[in-house]
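Those protein sequences? They're chains V and Y, same order as listed.
Heads up, the first sequence is in this note's numbering, so the first residue is 1 and it goes up one at a time.
Heads up, the second sequence is in this note's numbering, so the first residue is 1 and it goes up one at a time.
Any given hint could be a false lead.
Said to hold, decoys possible - No farther apart than 25 Å at their CA atoms in a straight line, the calculated lysine-lysine pairs in the PhoX-like style are these:
1) 75/Y / 147/V
2) 75/V / 49/Y
3) 75/V / 75/Y
4) 75/Y / 110/V
5) 43/V / 75/V
6) 157/Y / 43/V
7) 157/Y / 161/V
8) 75/V / 336/Y
9) 75/Y / 161/V
10) 49/Y / 161/V
11) 53/Y / 161/V
12) 75/Y / 150/V
13) 53/Y / 150/V
14) 110/V / 137/V
15) 150/V / 153/Y
16) 53/Y / 137/V
Everything labelled a hint here was simulated from the structure, so no lab data went into it.
Now for the letters of each chain:
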Amino acid sequence: MKANGRVFKYGDNVDTDVIIPARYLNSSDPAELATHCMEDIDKEFVNQVQKGDIIVAEKNFGCGSSREHAPIAIKAAGVSCVIAETFARIFYRNAINIGLPIIECPEASKGIEAGDEVEVDFDNGMIYNKTKGTEFKGQAFPEFMQKIIKAEGLIPYINSK
Amino acid sequence: MKGMTMTQKILAAHAGLPYVEAGQLIEADLDLVLGNDITSPVAIHEMDKMTKKTVFDKDKIALVMDHFIPNKDIKSAEHCKCVRQFACKHDITNYFDVGDMGIEHALLPEKGLTVAGDVIIGADSHTCTYGALGAFSTGVGSTDMAAGMATGKAWFKVPSAIKFNLVGRPSKWVSGKDVILHIIGMIGVDGALYKSMEFVGEGVKSLTMDDRFTIANMAIEAGGKNGIFPVDELAIQYMEEHSKRPYTVYEADEDAVYEEEYTIDLSALRPTIAFPHLPENTKTIDEIAEGVAVDQAVIGSCTNGRIDDLRCAAEILKGRHVKKGVRCIVIPATQKIYLQAVEEGLVKTFIEAGAVVSTPTCGPCLGGYMGILAAGERCISTTNRNFVGRMGHVDSEVYLASPAVAAASAVTGKISAPEELGL
Numbered sequence: 001m002k003a004n005g006r007v008f009k010y011g012d013n014v015d016t017d018v019i020i021p022a023r024y025l026n027s028s029d030p031a032e033l034a035t036h037c038m039e040d041i042d043k044e045f046v047n048q049v050q051k052g053d054i055i056v057a058e059k060n061f062g063c064g065s066s067r068e069h070a071p072i073a074i075k076a077a078g079v080s081c082v083i084a085e086t087f088a089r090i091f092y093r094n095a096i097n098i099g100l101p102i103i104e105c106p107e108a109s110k111g112i113e114a115g116d117e118v119e120v121d122f123d124n125g126m127i128y129n130k131t132k133g134t135e136f137k138g139q140a141f142p143e144f145m146q147k148i149i150k151a152e153g154l155i156p157y158i159n160s161k
Numbered sequence: 001m002k003g004m005t006m007t008q009k010i011l012a013a014h015a016g017l018p019y020v021e022a023g024q025l026i027e028a029d030l031d032l033v034l035g036n037d038i039t040s041p042v043a044i045h046e047m048d049k050m051t052k053k054t055v056f057d058k059d060k061i062a063l064v065m066d067h068f069i070p071n072k073d074i075k076s077a078e079h080c081k082c083v084r085q086f087a088c089k090h091d092i093t094n095y096f097d098v099g100d101m102g103i104e105h106a107l108l109p110e111k112g113l114t115v116a117g118d119v120i121i122g123a124d125s126h127t128c129t130y131g132a133l134g135a136f137s138t139g140v141g142s143t144d145m146a147a148g149m150a151t152g153k154a155w156f157k158v159p160s161a162i163k164f165n166l167v168g169r170p171s172k173w174v175s176g177k178d179v180i181l182h183i184i185g186m187i188g189v190d191g192a193l194y195k196s197m198e199f200v201g202e203g204v205k206s207l208t209m210d211d212r213f214t215i216a217n218m219a220i221e222a223g224g225k226n227g228i229f230p231v232d233e234l235a236i237q238y239m240e241e242h243s244k245r246p247y248t249v250y251e252a253d254e255d256a257v258y259e260e261e262y263t264i265d266l267s268a269l270r271p272t273i274a275f276p277h278l279p280e281n282t283k284t285i286d287e288i289a290e291g292v293a294v295d296q297a298v299i300g301s302c303t304n305g306r307i308d309d310l311r312c313a314a315e316i317l318k319g320r321h322v323k324k325g326v327r328c329i330v331i332p333a334t335q336k337i338y339l340q341a342v343e344e345g346l347v348k349t350f351i352e353a354g355a356v357v358s359t360p361t362c363g364p365c366l367g368g369y370m371g372i373l374a375a376g377e378r379c380i381s382t383t384n385r386n387f388v389g390r391m392g393h394v395d396s397e398v399y400l401a402s403p404a405v406a407a408a409s410a411v412t413g414k415i416s417a418p419e420e421l422g423l
């Protein structure tokens with residue numbers, strides 16, 4: 001499985017309130033949530049994002065509220081992968097549980113800029129910056145989490161057991 | 001074999017293992033699965049996709065309508081309706097709606113649903129609150145909640161731990177909020193990422209249960225998986241007063257391994273305020289050189305809406321008045337606390353001081369309703385997050401503080417400690 005797209009770049013501590021503000025949490029419809037994704041830190045995100053694009057951030061991505069609406073909004077906006085130096089732990093769980101591919105890689109976080117074309121190979125954890133011609137090795141998931149990811153989420157995984 | 005932390009012992013017992021160590025993946029039995037009116041509808045939708053259609057134990061699920069109720073609009077009414085129908089269909093024992101609800105993390109301990117030794121997951125990040133009673137409790141998302149409701153189990157990576165050795169006794173206007181803001185300021189918003197925060201030491205004795213709930217509640221603001229306190233006489237007294245459930249006391253081994261250790265002298269702490277837009281941007285009241293004018297003060301939330309908090313705010317507001325042009329909003333966290341505040345005359349004090357008192361709700365804390373900020377406005381708030389746009393407009397600002405500082409600031413119209421009022 002591979003992701004391929006153009007990069008939106010953000011800094012440290014992107015919290016779930018800015019990923020999807022609570023004023024929109026009276027909805028749980030993925031398509032509706034996607035129209036407000038990243039609105040409070042990047043008004044242009046929803047206008048510019050294309051299917052397959054990749055978010056690259058620095059430390060503690062997805063901190064704060066446990067709202068699963070945050071990874072749901074990112075996934076429904078068309079984002080194929082989030083790369084960060086580190087993820088907040090609830091966001092990390094939620095992304096795996098709903099089948100949004102994420103990968104921790106401090107080197108990639110530093111070596112990728114907004115607008116770069118990036119490819120991620122989930123089978124070996126490799127991240128290729130095609131714009132700059134550089135590559136990075138992301139942290140592999142433990143086997144247990146790989147099973148959930150392969151099943152495309154926790155619910156299908158439990159159903160298959 | 002190295003010793004285990006308190007958290008590791010609880011997890012080992014619930015995974016049916018004699019020993020666990022940091023980094024190990026385990027599947028643990030759950031004593032309680034919690035959701036609210038925002039996260040439960042997503043979980044219910046996920047449960048619809050499951051092969052197993054029934055809940056694992058109708059007594060071990062808590063559904064608390066608290067974020068947007070009494071409903072603020074049609075969409076949130078639809079969400080509550082969805083949860084109400086689910087609770088009815090599955091005969092959920094601990095379903096709390098308008099009339100008996102409260103803010104979930106104040107309500108569940110008060111109802112005796114959380115006790116020492118439990119493993120609790122909740123689809124709300126502040127589920128870590130119950131660590132005050134010596135439980136392992138942690139926030140998860142809606143899909144984990146769905147899986148938990150169906151199977152009674154959840155997977156965890158056993159966390160490593162940071163030890164906070166508390167010594168000394170806090171001064172009059174320093175409370176649990178100042179302790180946790182000081183800690184977050186010291187280690188940062190990801191300082192405890194994936195880890196347990198274990199609070200120990202003789203200083204724990206000088207903290208009330210409400211102080212401990214506040215401290216454990218904000219472990220997540222340092223990125224922590226959970227925050228946990230040892231079970232002392234005060235915690236046992238609280239559980240015996242509120243719960244009929246048996247509790248189990250776990251203690252960390254003497255040779256338990258901690259990644260880091262800090263000693264915090266509570267007597268040296270000062271009222272502490274987190275400036276926008278992160279809980280780690282802390283300053284003590286003495287470090288604020290220029291007056292920071294405020295438009296609103298919020299006293300409430302799962303962090304600081306308990307009776308100690310309201311008593312403290314009332315002590316300051318008694319015989320004083322909220323400054324003209326400042327809105328002061330007081331939100332008791334549960335119906336029981338609300339009634340207690342009425343009976344003790346606190347509500348009279350608040351109203352006479354020019355504050356408003358609301359029915360329990362998370363409302364303004366997350367920018368839901370009941371105190372949304374306009375562009376350029378500033379709020380001093382006893383809530384837990386001050387992210388960009390958290391309480392309203394993207395250009396508004398939230399300053400996190402204790403009930404004492406919020407109440408004093410409501411009177412002066414700028415961020416102030418009670419000392420400024422001669423208290």
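- prompt: Holds or violated: are the alpha carbons of residue 75/V and residue 336/Y at most 25 Å from each other?
  reply: Answer violated: residue 75/V to residue 336/Y is near 41 Å, above 25 Å.
message: Run the distance test for residue 75/Y versus residue 150/V: straight-line Cα separation, threshold 25 Å.
response: violated (34 Å)
query: Does the structure keep residue 75/Y and residue 110/V at a Cα separation of 25 Å or less?
result: violated (41 Å)
- prompt: Is residue 49/Y within 25 Å of residue 161/V, Cα to Cα?
  reply: Holds, at roughly 14 Å.
- prompt: Has the given pair, residue 43/V with residue 75/V, been kept, meaning a C-alpha gap of at most 25 Å?
  reply: Given that 25 Å is the threshold and the Cα spacing comes to 17 Å, the pair holds.
- request: Decide if the proposed pair is consistent with the structure: residue 53/Y and residue 150/V, CA atoms, cutoff 25 Å inclusive.
  value: holds (23 Å)
message: Holds or violated: residue 53/Y and residue 161/V, Cα atoms, limit 25 Å.
response: holds (15 Å)
Restraint status (C-alpha distance of residue 110/V to residue 137/V at most 25 Å): Between residue 110/V and residue 137/V the Cα gap is close to 13 Å, so the pair holds against 25 Å.
message: Can you confirm whether the C-alpha distance between residue 157/Y and residue 43/V stays at or below 25 Å?
response: Judged against 25 Å, a Cα distance of about 36 Å means the pair is violated.
- prompt: Taking 25 Å as the top limit, are the C-alpha atoms of residue 157/Y and residue 161/V close enough?
  reply: Holds, because 20 Å separates the two Cα atoms, which is no more than 25 Å.
- prompt: Does the structure keep residue 75/V and residue 49/Y at a Cα separation of 25 Å or less?
  reply: holds (19 Å)
query: Are residue 75/Y and residue 161/V close enough, with their CA atoms no more than 25 Å apart?
result: violated (36 Å)
Violated hints, listed in ascending order, are 1, 4, 6, 8, 9, 12 and 16; each of the other numbered hints is respected by the structure.
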